[in-house]
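J.: Read off the chains here:
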Amino acid sequence: MSVQVPVSIGVKRTPATRPVAGAFGDSIFVIDQSRCIGCKACLQACEECGTHRGTTMIHLEEVDRAATTQTAPMVCMHCEDPTCAEVCPADAIKQNEDGVVQSSLKPRCIGCSNCVLACPFGVPKYMAELDQMMKCDMCYDRTSVGLKPMCASVCPSEALWFGTPEQFAATRTGVLVNEWWFGKQHVATKVRTVADAPGSIDVLAAAGARPWQDDPFGLEELDLDELDDLPPASGGGA
Amino acid sequence: MARHPITEDDLVARFGPHLTTAPPGGWDAGVDADREVKTHCCFCGQQCGIVLKVKGEEVVGFEPWYEFPFNEGKLCPKGVKRYLQNGHPDRLLEPLERDPSHPTGFRPVTWDHALDRTVREIRRIQAQHGNDAFAMLSGVSLNNEKSYLIGKFARLALGTANLDYNGRLCMVSAGVANKRALGIDRASNPWSDIPLADVVFVIGANIAECAPITTSWLWRARDNGAKLIVADPRVTPTARTADLFLGLRPGTDSALLGAMLHVLIERDWLDHDFIRDHTTGFEAAAEAVRDHTPAWAERITGVPAARIEQAAEWWGTSRTGMLLHARGLEHHTKGVENVWACINLGLATGKYGKPGCGVTTITGQGNGQGGREHGHKCDQLPGNRDITNPEHRAYVASVWGCDVDEIPGKGLTAQEIVEAIHRGEIKGLLSICFNPVVSLPDTTFTKEALDKLEFYAVIDFFLSETAFHADVVLPGSLHEEDEGTSTNVEGRVIKLNPSKSPPGDARLDWEIICDLARRLDRGHYFPYTHAEQIFEELRVASKGGSADYAGITWERIERELGVFWPCPSEDHPGTKRLYEGGRFHTEDGRGRFHPVRFRPPAEVVDDDYPVWLTTGLVESQYLSGTQTRRIGPLVAQYPEPLCELHPRLAERLGIVTGDLVRVTSRRGSMVLPAKVVATIRPDTVFIPYHWAGRQAANQLTNRALDPLSKIPEFKVSAVRVERVGPPGTAVVDERDLELVERDTRGDAPRTPPSEPGEGGG
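The listed protein sequences correspond, in order, to chains V and A.
Each residue of the first sequence is one higher than the one before, starting from 1 at the first, in the numbering used here.
Each residue of the second sequence is one higher than the one before, starting from 1001 at the first, in the numbering used here.
Listing some non-contacts, in silico: residues in chain A with all C-beta distances to chain V over 12 Å:
| no. | residue |
| --- | --- |
| 1 | L1011 |
| 2 | D1268 |
| 3 | K1354 |
| 4 | Q1533 |
Incomplete in silico selection of chain V near chain A, CB under 8 Å:
| no. | residue |
| --- | --- |
| 5 | G54 |
| 6 | R65 |
| 7 | C155 |
| 8 | W212 |
| 9 | E221 |
Here are the simulated distance ranges between beta carbons:
| no. | chain 1 | residue 1 | chain 2 | residue 2 | range |
| --- | --- | --- | --- | --- | --- |
| 10 | A | P1355 | V | Q185 | 48 to 56 Å |
| 11 | V | E129 | A | A1306 | 51 to 59 Å |
| 12 | V | P120 | A | D1223 | 25 to 33 Å |
| 13 | V | I110 | A | H1102 | 56 to 64 Å |
| 14 | V | G25 | A | E1580 | 40 to 48 Å |
It is worth saying that the hints were derived from the structure and are not from the lab.
All C-beta atoms in this analysis are idealised placements derived from N, C-alpha and C, irrespective of residue type, glycine included.
Whenever a hint applies, use it, and build me the whole structure from the sequences.
T.: Structure follows, in C-alpha cells:
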C-alpha cells in the first residue's frame, strides 16, 4: 500500500535572505493537514474579513470522502519567488517586503487566470464577478497590526497555526517543511507544512498512518455473518 | 379536534426556517461596530468564549476572544456564524394565537391577551384534572438563572410535579451513573488535564464534529506523547488519526468495556491500593465480566479481540489516562450501565483525582452542565438536590419561603410526559427551549401527542416545528439578548453578557416567566427585577448541595474567567479537578463499582429490518436545528440529511452515492440521498437528526428508554434500506450547490427531496 514517492523535501539551498518582519513578525504560519477535521470554521471565518467580505480565500478539499474523512485545508503558501507573480502578464501580483504575496491589483489584473493555472499549490481564485484574481493575503489587515490570521485563530484542531518557531518547537510535533520540488522547479514558501519526519514524503500515506487504517473494521480478520445474511436489494438492485 | 388550520408546508412558508446568508446590511456594509461584548457561544456545551461585535441593536460580526482559557479564540463554524441568527426574518416579534381563519394559521395578539389566556387555561385544566395534568418542558440551552427559575416556577406557580427538560435526551444517563457511582454529576476534570494524560480513550464521542474545540486538547495530549484510542461505529474525523480504532457495532459498548475490564483483571493491570482504599464493589463488578472475554466480545462488538486487548493494555499500563464519552455511549437503553462500565475502568486502574486522570462525559447542549443542576429536572431541586429527600425539600422550602408541602414530588421524565399526553392524562403543556417534534424519538407519536393537548403554550424566539402545534406562542429572547451564567463542559461557571435587547414586542424569557407567575397570583415568589437577583438566590439555594455555587458571583466569574463548582464560599478558589486524594462525593467517600453485564439493545436486527441505524450530529448544525437551520452558511455546509452506508452494503443493495434510498423502521420511513463511504461499519447506516418533517431521522428511532435515566435509545434501531427509483439518478453534491446558491434571504426554505415513483432495477 505504501509507496515512496521522491517528492524531494530536503534542504536544497540556503534559507531565504528576505527579512521576516511585517505581517509575520517573529511568527510562522503552519499547516498540518493531518489534523484537519473538515469543520470549515476557517472558510466561514475567512469570509468575515473586512477586505473580502462574503468570499472565502481558503480551499478545503475532501481528499476522497468515499474512503476517508481526511480533509485538506490550503491557504496561500506565500512563495519566496511566487510563480503566480512570475507568470502574470500584467504585473498585477505584488509581494510585500515581509514576504506576503498579495491578491492581484484590481487596476492591473486582466483576469487571464494565468496565475490560477500556474500556482503549484492551486491557490489563486479567479473571481468572475470581479473579473479579478483574489487569494489569501495572510490576513494582512490583522497580521500587520499584530493579530493572528483569522483562520489560524479559529481552527479547532490547530491544523492551521500561527506562532513563533519557538512556540512550535515547545508545543508541537512534526518536522516543518517549506521547500518543494515540482518537476524541476524548486519552490520555497513562507508558510510551512508538517511532515512526520525529515526526508522525502510518502504522499500516499496519511501523516501518522496507523496499521488499522488499512482495515478500520477488521473486515479481513473477521467473518461478517450479519452482512452476508443481508437480503438482496428489493426490486432486483443493480 | 382538527389542530392544523393550514398545512405544515404553509407554516414553513410563513415562519421558516428561512435562511440568512449575509450579515445585517449585506456583505458590503462593513463591520463598523459600536461596541464589543465578551460572551460565549450558544451552540454546544463547550461554551467557547467569543467577542460579539455590535452595532446599535444588531450583532454584526465576531472577533476571537484569545484570552478565554478554554478555547483561546478558537471557534467552530457554528460559533463563527452564530451572529447571523440576529435580525432574522423568522424572528417572532409579537405574541401569537392559533387562529384557523387567519391566513398564516396564527394571529398576532397582545401580551395581556396571550398571558391571560395561558393562565386561564392552566387554571381550567388544573381545576378539572388536577395540578399534574398541566406539564412543563424546558431545555438546557437556557442559562443557569432561567433553569433555576423554571424549576421554581413549575413547582410554586404551576404547582405541577411534571416538569422535565431536554437534557433527558442528552446525557442524563451519564448524570445518573455519575451520581450513583461517584456522588456528583460533573466532568471529573478541567480540560487542561487532557494534555497530561498518557492515554486518551474516546468512546461514543464524535469530538471533531460535536465538540470541535476539544480536538485541540486531544492534540495537545498527543503532542505530549499520548496514545489515542477511539471506539465508534464510524471512522469519524477524530477516529481517523487514532492510534487504535475500535469500530464497534451500535449497542455493544458494554461488551467492549466489559471485555477491557476482563483483560485488566486477567493481566492484573489493576491499582489494588486504589481499589482497596477508595472503592467498593470491585468483586461483584469483576464477577460480572468473568465470561466477557475478548474473543466473546469480538463476536458481540465486531471488534477484533487483539484490538480490545491492546486497548486494555494501553489503558491499564499507562500511568495517567482520560476516558471521554458522549451521546454515542449514553443514548442507549443501557446508557447508565455503559457509563458505569467506563467508571469501572477508571476505578480499577486508579485513574481518578490526579492530573491527567479522569472519566468524563462531554456534555452536549449549550448549558448541558449547569442546566441539569438547579431544578428543572423532574426529580431535582437546586444544587442538584433530590426532590424526594425530606432534608433537601426542607432546605429549599426555607430558601423559597414556602411551605415544604407546596413543593410537589417527583414527576415524569420528558419522554414519559409526552406519553402521558398521548394517553390523555396530561392535558396542558407549557414549553420553552425544547423542540420535541424534531428531538424526541418516533416523530409520528410525538406529533399525535401534541395534537391531543387541550392547551399548549410555547415560549420561543422562532416558530419551531413543535410550536406549529401550539395554541399560544410567547416570543422570547435569544442568547445574546439576556444576561446570566452558564456552566461549560468542564464545570466552569461562565458569564453570558447581553449584546442587545429583544426586538419588537419580544421579551426576556425570565420576565415572561415572572409575568405568568404574577398572573397566577404567585408573584410574591418571583419578585425579580434583574437577572442577577435570580443568580443570587440560586447561590443560596445551591449552598450545601452537591452542585454548590454559593461562593460564585457574577463579578468573580468575569474577573477569574470562570469559576469551577463546587465553590462553597467566596474565598474558595473553586474546584477544578474532582476526587483528589481518591475522595469521592458518596456518603462513605468511596467510588462505587457497579456490576455490568452486556445486554442487547431494545431492538435488534432481524430478517425484516436487517441493518443497524445509528443517528447523530454534523458539525454545522446544533441539535434540533431551530437556530442553525436558519443560518445560510451553516446550511450550505450540510444542506440535508444523508444516509451514510458502507460500499459493501451499498453494493449488495445496488446503491451508489446520490441515489435516493428509503430507510424504514417499525416506526416510520424516510427517503433521503445515500452517501457511500468506507468510514462506517458495513452492517450499519448513519443519519444525522437535525431536520424536521420528512427529513427527520427521528421518524425511525425507537422510544425505548433506559430504566434508570429514561434516556431514549437514539443510537440503535433496526431498519431496512432500499433504493428508490432507478440507480444512479441523483447527484447530491451538484444539486445541493444549486439549491444553496438559489437560497438567498427570504426565499422559501428547502423542501425535502420528493419521492420519485418506484422503479427498481
